[in-house]
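K.L.:
Sequence:
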Amino acid sequence: LEEWIEYSRMIGVEHFYLYDHASSDETRELMAGYIAADIVTLHQWEFPGYPQREAHSHCTHRYAHATTWLGLMDVDEFIVPARSKSIAP
-11 LEEWIEYSRM IGVEHFYLYD HASSDETREL MAGYIAADIV TLHQWEFPGY PQREAHSHCT
49 HRYAHATTWL GLMDVDEFIV PARSKSIAP
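Note that the numbering used here has the sequence shown beginning at -11, numbered continuously upward.
No lab work stands behind these hints, which were simulated from the structure alone. Just so you know, these numbers come straight off a predicted model, no measurement behind them. One should not assume that every hint holds.
Label pairs and their calculated CB-CB ranges [to be verified]:
#1 H53 with W33: 17 to 25 Å
#2 H31 with Y(-5): 16 to 24 Å
#3 S12 with A76: 22 to 30 Å
#4 R71 with W33: 20 to 28 Å
#5 P69 with E14: 12 to 20 Å
#6 H9 with L58: 24 to 32 Å
#7 I67 with S11: 18 to 26 Å
#8 Q40 with I67: 28 to 36 Å
#9 A70 with A20: 31 to 39 Å
#10 L18 with A76: 19 to 27 Å
#11 M(-2) with E42: 16 to 24 Å
#12 E34 with I75: 13 to 21 Å
#13 S72 with H46: 17 to 25 Å
#14 A70 with E17: 34 to 42 Å
Glycine residues also receive a C-beta, built at the ideal position from the N, C-alpha and C atoms.
Whenever a hint applies, use it, and build me the whole structure from the sequences.
P.N.:
What follows is the structure in structure tokens.
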């Protein structure tokens, strides 16, 4: 998770809205520094049914207005800029 955030920051991502669905890897503790620095907003996401779909819906409704770009992805998915070293304008 930290590697994914640091890589993404290197290519221009400024903020992360993370949804933690019952993980057991101490995500809140791992993200504490990023949360304190206002780089990560972390939601504990304990909903039945289709939690990923519900998290995507929540994220777009709550945060889409606050950003120019909003990517919905898993932490094993990395953005690879094709034309430059950054996604920043």
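K.L.:
In ascending order, which of the hints set out earlier in this document are inconsistent with the structure?
P.N.:
Those not satisfied are hints 3, 4, 5, 6, 8, 11, 12, 13.
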